[in-house]
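Chemist: The residues making up each chain are set out below.
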Amino acid sequence: MEIILDVTDLHIEFHDHESPEVAVEDFDLMLGKSEIVGIVGESGSGKSMSALAIAGLLNRKSLTKSGRIMFDGHDLLTCDRKVLRSYQGDEISIIFQEPMTSLNPVKRIGWQVEEPLYIHHPEVTKAERKQRAIEMLRAVGLDNAEDVYFMYPHELSGGMRQRVMIAAAMIGNPKILIADEPTTALDVTVQAQIVELLKKLNKEMGTSIIFISHDLSLVNQICQRVIVMQKGNIVESGRTVDVFSRPRDPYTKKLIAAIPKIDLSEDR
Amino acid sequence: MSKARQDLKRNIKENPYLLSGAIITGIMVLVIIIGIFWTPYDPTAMNSADKLQGMSLRHPMGTDNMGRDVLSRVMYGSRITLLIAIGTVAIGSVVGTIIGALTGYFGGMFDEVTMRIIDALFAFPSILLALVIVSVFGTGWIQLLISLGIAFVPSYARIVRGEVLRCRNMDYVENARLQGVSNLRMIFVHILPNIKGVMASSIMIGFNNAVLAEAGLSYLGVGSQPPYASLGKMLSDAQQYMFTTPSYVLCPGIVIVLMVLGFAFLGEGISRWK
Amino acid sequence: MKYIIKKLGMMIVTLLVVSICVFLAFNVIPGDPALRMLGTEASPELVEQTRQQMGLNDPLLVRYGRWFIAFIQGDFGTSYNYKVPVKGMVISKIPITLTMAVIAFLLTVLISIPLGIFTAKHENGVLDRIIIVFNQIIMAIPPFFSGILITFIFGMIFRLFTPGGFVSYTANFGKFLQYLFFPSLAIALPKIAMTVKMLRGSLIDEAGKDYARTAYSRGNKTDGVLYRHVLKNAMIPVITFLGMALADMVAGSIVIEQVFSIPGISRILLTSISNRDYPVVEAIIMGIAIIVLLVNFLVDVIYRIVDPRIGMEDE
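Residue numbers (my numbering), protein chains in the order written: chain A, 1 to 268; chain B, 1 to 274; chain C, 1 to 315.
To be clear, the hints were calculated from the coordinates, so they are not data collected in a lab. Cβ atoms here follow ideal geometry from the backbone N, Cα and C, with glycine treated the same way. Hints are supplied without guarantee of correctness; some may be wrong.
[Claimed, not checked] Example chain B residues on the side facing chain C (calculated, C-beta under 10 Å, incomplete):
1. D42
2. A45
3. M46
4. A90
5. I91
6. V132
7. Q239
8. M242
[What the hints assert, rightly or not] Result set (DSS-like, lysine-lysine): computed pairs, CA atoms no more than 25 Å apart in a straight line:
9. A/K231 to A/K254
10. A/K65 to A/K82
11. B/K274 to C/K209
12. A/K82 to C/K121
13. A/K65 to C/K221
14. A/K82 to C/K221
15. A/K107 to C/K221
16. C/K209 to C/K197
17. A/K107 to C/K2
18. B/K13 to C/K197
All chains, full assembly: derive it from the sequences and hints.
Modeler: Structure (structure tokens):
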């Protein structure tokens with residue numbers, strides 16, 4: 001399998017308080033083409049920090065990063081901002097936990113979905129951008145795409161907004177999509193639809209996905225491989241099937257045991 | 001050491017606005033208090049031999065066009081300005097708080113009607129509202145105080161109403177209600193103490209605005225009447241001597257600026273209190 | 001559309017409330033207007049006859065109705081002191097006061113928005129800190145004092161205008177504007193400082209929100225995030241403030257006209273107040289209130305255009 005992203009020894013430290021706080025330590029990740037890798041852990045485990053670092057979104061002054069994030073022959077941690085920007089939104093996209101606030105409230109949906117094309121592919125004409133945006137909106141399951149194109153975020157439900165976020169993330173046909181707890185803020189039924197959508201896009205467009213979640217059962221549904229994190233460290237990683245059937249780390253065992261099981265044999 | 005003292009210490013260290021505001025306001029208040037008991041000269045004593053003097057040891061802020069000592073007049077004038085500001089804020093905040101708390105708490109038709117009137121008053125720039133009231137009641141510093149007080153009611157009513165609306169549906173209020181606490185007790189014991197932070201900083205900003213408004217109105221001549229003058233009136237008298245005796249204009253002006261600045265910094269400091 | 005009609009309705013209701021307040025304020029004052037017009041030596045019969053003519057014996061509500069209807073038809077009553085229609089006294093002064101307010105408003109917008117953006121972009125930089133301190137001081141200077149200082153600096157030292165040498169807009173429009181620039185600057189200064197402070201805070205707030213992070217994740221440059229995403233959101237509270245500031249500027253011009261001895265609305269208002277010439281005061285106050293309410297209405301409309309979330313529940 002062709003490796004498209006190689007993260008080694010990623011180390012992130014905050015300096016907000018008097019003693020530095022380690023958010024991520026010795027994080028390694030290899031992502032293959034068209035692969036879906038899950039990162040699980042509770043809040044504060046460093047999973048989102050690692051994702052933001054890969055997406056190039058950790059730029060606070062009170063923070064140090066070391067290690068390497070190799071993509072397309074560049075180290076995203078040390079490369080020129082210009083190079084990093086040329087990947088962001090085009091080759092590497094990210095969607096967030098809060099679809100309610102992650103879209104700009106005063107811009108039309110169409111404008112926001114088209115934006116990556118506008119930034120990275122100025123050669124695409126306006127009419128073509130619109131056409132592709134509507135196609136993309138349809139591909140993420142918004143049937144009335146022509147109407148949605150002219151709507152504002154507050155006119156859509158949470159699930160629809162997350163679909164819009166996905167459409168904007170996928171319009172440039174990226175190599176990597178980082179999904180940072182994409183379903184946490186959504187209803188359970190909508191969660192399943194979003195996971196199905198991500199699976200479908202992965203299959204049809206060949207995009208690799210880093211799927212971050214605290215919900216092991218979701219990870220089990222979608223990911224080929226999984227990384228379990230606790231307090232900034234990787235405690236276990238491997239093929240999802242293996243980790244689920246033979247967890248080695250006690251923390252992983254606890255997480256698995258915590259998944260609610262539906263016992264169909266019991267009468268209610 | 002108590003937690004309150006630790007809080008104060010940390011805030012003073014990390015919050016330069018609070019410290020500089022307290023220092024400036026402290027000095028101003030000190031000078032005003034001294035002025036009650038002692039001024040270098042009688043603020044109304046004229047001296048035709050000493051007209052329009054610049055700054056000197058004998059007259060640190062110079063003299064005015066009638067030979068009166070500007071420092072003494074500034075000490076007296078800032079007392080009037082401060083008193084009017086205190087009165088204005090007291091009337092505005094007390095009446096405004098009562099109106100805002102009642103309308104916010106009870107809501108309904110009463111709220112609708114009261115807020116329409118408050119909005120109508122709010123649409124008026126406060127200086128204009130004060131001018132209307134002064135033209136009804138006549139000129140003088142007490143009239144000015146009442147006018148400005150009324151003009152300041154709408155803004156406090158709005159702030160308090162908003163805060164009460166926010167608190168009204170919080171869990172602790174619901175709890176108190178379930179325990180059968182009476183409405184008035186609910187407002188004054190359970191809700192109002194929770195908005196003291198917001199009130200403290202809006203009262204400081206109120207002082208700041210009141211000093212500015214008072215200065216503007218007494219500049220127009222509707223405040224305290226001669227021979228006593230508040231700072232604004234002094235400036236309007238002094239204006240024509242700007243070229244010949246700059247100190248006569250600059251001193252009262254700078255004192256107004258310092259007074260406003262002190263309150264502004266205190267307000268800023270309190271709103272940043274952590 | 002429904003939203004705009006609703007706001008228009010609210011404006012009319014507020015206007016009615018204002019007019020009732022103004023009317024009541026000037027009709028509960030002790031003193032007989034007929035006596036004021038005729039002077040104290042007039043015979044009681046003549047006073048009574050005048051009272052009849054002026055309709056002062058009618059019930060309050062009837063008098064209010066008559067006054068309000070006349071007012072919206074452009075009849076502002078007759079001055080007690082000069083015995084001439086108020087309209088003629090006031091109307092030629094309005095352009096002076098309004099021009100000043102408009103210049104002050106333009107100065108505020110043109111200076112404060114770029115400055116606000118600059119300070120937010122260089123948050124905690126040296127220039128930012130200097131501007132913040134400077135801002136605080138400017139906000140503490142009453143406009144009439146800065147007016148006096150401007151007169152001294154630009155009028156007497158640099159001789160860019162002649163203090164007291166106001167030129168009417170009918171005589172020489174260019175000279176008129178040139179003279180009004182300086183009083184307008186005095187009115188604008190504190191508003192500029194407040195707007196810079198507000199826009200800076202609002203921009204920094206908005207830049208920390210989730211959608212700004214999304215914008216970065218799409219490969220936007222910092223300027224792209226700022227101008228394409230954050231600015232419009234950050235302007236929403238600033239627009240409200242600017243609307244209120246414009247209303248304040250109209251009122252603030254009363255003081256500034258005195259400083260620069262401009263024969264505008266303010267002079268008539270102040271003399272009318274001290275002469276208790278109430279029809280004139282009523283007309284001017286109502287006039288300013290109408291301007292203020294119109295500005296507020298305009299702000300609501302602009303709001304609706306900038307922020308699509310506003311007024312949704314109405315449509």
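Chemist: Now tell me, hint by hint, if it's right for this structure.
Modeler: Status of the hints after comparison with the structure:
Against a cut-off of 10 Å between C-beta atoms, the interface hint on B/D42 is violated, since the closest Cβ of chain C lies about 26 Å away. Interface restraint check: B/A45 against chain C, minimum CB-CB distance 26 Å, threshold 10 Å, status violated. Annotation: interface hint on B/M46 violated; nearest CB of chain C at approximately 24 Å, more than 10 Å. Violation of the interface hint for B/A90 is found here, the shortest Cβ-Cβ separation to chain C being roughly 22 Å, above the 10 Å cut-off.
Checking B/I91 against chain C: minimum C-beta separation of about 18 Å lies over 10 Å; hint violated. A hinted interface residue such as B/V132 counts as satisfied when its beta carbon comes closer than 10 Å to some beta carbon of chain C; here the least separation is about 6 Å, so the hint holds. Given the 10 Å rule on beta carbons, the hint for B/Q239 holds: about 5 Å separates it from the nearest Cβ of chain C. For B/M242, the interface hint holds, the least distance from its beta-carbon to any beta-carbon of chain C being 5 Å, beneath 10 Å.
In summary, the hint linking A/K231 to A/K254 is supported, as the alpha carbons are separated by about 15 Å, within the 25 Å threshold. This hinted pair checks out: A/K65 and A/K82 have alpha carbons roughly 19 Å apart, not beyond 25 Å. Proposed proximity of B/K274 and C/K209 is supported: the alpha carbons are some 22 Å apart, at most 25 Å. For the given pair, A/K82 sits about 19 Å from C/K121 by alpha-carbon distance, which is consistent with the 25 Å threshold.
The suggested pairing of A/K65 with C/K221 holds, with an alpha-carbon distance near 21 Å, which does not exceed 25 Å. Between A/K82 and C/K221, the direct Cα distance comes to roughly 9 Å. Compliance with the 25 Å bound is thereby established for this hinted pair. Between A/K107 and C/K221 the alpha-carbon distance is near 18 Å, which keeps this suggested pair within the 25 Å criterion. A distance of roughly 19 Å separates the Cα atoms of C/K209 and C/K197; the hinted pair therefore holds under the 25 Å criterion.
The hinted pair formed by A/K107 and C/K2 meets the criterion: a straight-line CA distance of about 22 Å does not exceed 25 Å. For the hint linking B/K13 to C/K197, the alpha-carbon distance of about 23 Å falls within 25 Å, and the restraint holds.
Hint compliance for this structure: hints 1, 2, 3, 4, 5 are not met, and every other hint is.
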